[in-house]
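Trainee: Starting from the given sequences, assemble the full structure and let the hints guide the process.
For what it's worth, the UniProt record's numbering labels the leading residue of the sequence shown as 1, then goes sequentially.
It is worth saying that the hints were derived from the structure and are not from the lab.
Wrong hints could be hidden among the right ones.
Unchecked claim - Pair by pair, the computed Cβ-Cβ distance ranges are:
| hint | residue 1 | residue 2 | range |
| --- | --- | --- | --- |
| 1 | V64 | K277 | 35 to 45 Å |
| 2 | S289 | V64 | 44 to 54 Å |
| 3 | P138 | S83 | 22 to 32 Å |
| 4 | L244 | S289 | 15 to 25 Å |
| 5 | K228 | T253 | 31 to 41 Å |
| 6 | L107 | L288 | 13 to 23 Å |
Glycine is no exception: its CB is placed at the ideal position from the N, C-alpha and C atoms.
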Amino acid sequence: MKISVVIATYNGENYITKQLTSLRTQKRKPDEVLIYDDHSTDSTAAEVRSYIAKHGLTGWNVIVNHTNKGWRRTFMEGLWASSGEIVFTCDQDDIWRSDKLQIMEKLMQQNNNIKLLASNYRKFLSVPGDNPRKSIGPLKNTKQLIKIPVTNNYLKVTCPGCTYCIRRSLITLSKKYWRPGYAHDDLLWRLSLLGDGLYVYTDNLINWRKHPDSAYAKESSSLKTIAKKADWIIMTAQFNNDMLTYLQEDVATKSVRKLHILHRNKKWLFLRTKFFKNRNFFTGLHLLSYINCYQRLRQYLGDWYLLFLKRR
Numbered sequence: 001m002k003i004s005v006v007i008a009t010y011n012g013e014n015y016i017t018k019q020l021t022s023l024r025t026q027k028r029k030p031d032e033v034l035i036y037d038d039h040s041t042d043s044t045a046a047e048v049r050s051y052i053a054k055h056g057l058t059g060w061n062v063i064v065n066h067t068n069k070g071w072r073r074t075f076m077e078g079l080w081a082s083s084g085e086i087v088f089t090c091d092q093d094d095i096w097r098s099d100k101l102q103i104m105e106k107l108m109q110q111n112n113n114i115k116l117l118a119s120n121y122r123k124f125l126s127v128p129g130d131n132p133r134k135s136i137g138p139l140k141n142t143k144q145l146i147k148i149p150v151t152n153n154y155l156k157v158t159c160p161g162c163t164y165c166i167r168r169s170l171i172t173l174s175k176k177y178w179r180p181g182y183a184h185d186d187l188l189w190r191l192s193l194l195g196d197g198l199y200v201y202t203d204n205l206i207n208w209r210k211h212p213d214s215a216y217a218k219e220s221s222s223l224k225t226i227a228k229k230a231d232w233i234i235m236t237a238q239f240n241n242d243m244l245t246y247l248q249e250d251v252a253t254k255s256v257r258k259l260h261i262l263h264r265n266k267k268w269l270f271l272r273t274k275f276f277k278n279r280n281f282f283t284g285l286h287l288l289s290y291i292n293c294y295q296r297l298r299q300y301l302g303d304w305y306l307l308f309l310k311r312r
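Mentor: Shown next as structure tokens:
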């Protein structure tokens, strides 16, 4: 199988070399590596070009955005430009285990029903001295291939995009359903889940760096206001509507249960939007009937905190 790797970079000069080395030293070499730099203001792009030249890496290419497009669009454009039968998404600041491509390619070859394959990760936090505190997740390390079932909180994305191996057919399908604001990992996870093709291999194949300067960390912090959270709920409601369209038009196995789950989420998101608009105590209590739609219990409690304690 032809393997592509897509990396989105932005001001990653402190981390990118270690990640590139973990790609270059894979037991199964990638056939294509596309590094999409989102108009970095540091030396990231120059360092990547120098690294490619130093090691004579054929099939490795750097594309620099003329303006900052944001990581969501940058990742999607990279995925759409790739040519591999299977495509791996890669962050600029992680470190991959040397057998990651080898293991995941074999699983994709053996299981044609897999649309998206994720893996466990070993999480480490960047702290002074680069002395990482590590933890493995999201599942127990049993080295098993597990199919992920559709549940009421189907919107919950358990594995980060940096663990993904994506079949070309799913990337092609994503062109129909991506909207500005949709994260590539959220979209691809949910499309494959509802399409009965989402699997996780329970072995930690990457070291996933967590640090407060990451784009995701900064955006998560910005959601802690009433206005930003309300906008996020509206966007999620649109996403759920798109998934209803997907289920009706592009999924062969249209089960009554899946439709019920999506319609239940539609009602939940409507009520949640209403709660943020009217701040009505009884609307908030009504949402308890949909508690299993929340990705985490703390989301429900967080809504109350924002609306009645923080109040901004």
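Trainee: Are the hints correct? Go through all of them and say.
Mentor: Outcome of the hint check:
1. Between V64 and K277 the beta carbon distance is about 42 Å. The supplied range of 35 to 45 Å therefore holds.
2. Taking 44 to 54 Å as the suggested C-beta distance range, the pair S289 and V64 conforms, at roughly 50 Å.
3. A C-beta distance of roughly 30 Å is found between P138 and S83, which places it inside the suggested range of 22 to 32 Å.
4. Range check, L244 to S289: about 20 Å between beta-carbon atoms, so the 15 to 25 Å window is met.
5. The beta-carbon spacing between K228 and T253, approximately 36 Å, falls within the hinted interval of 31 to 41 Å.
6. With their beta carbons about 40 Å apart, L107 and L288 fall outside the hinted range of 13 to 23 Å.
This entry does not satisfy hint 6, going by the numbered hints stated previously; all others are met.
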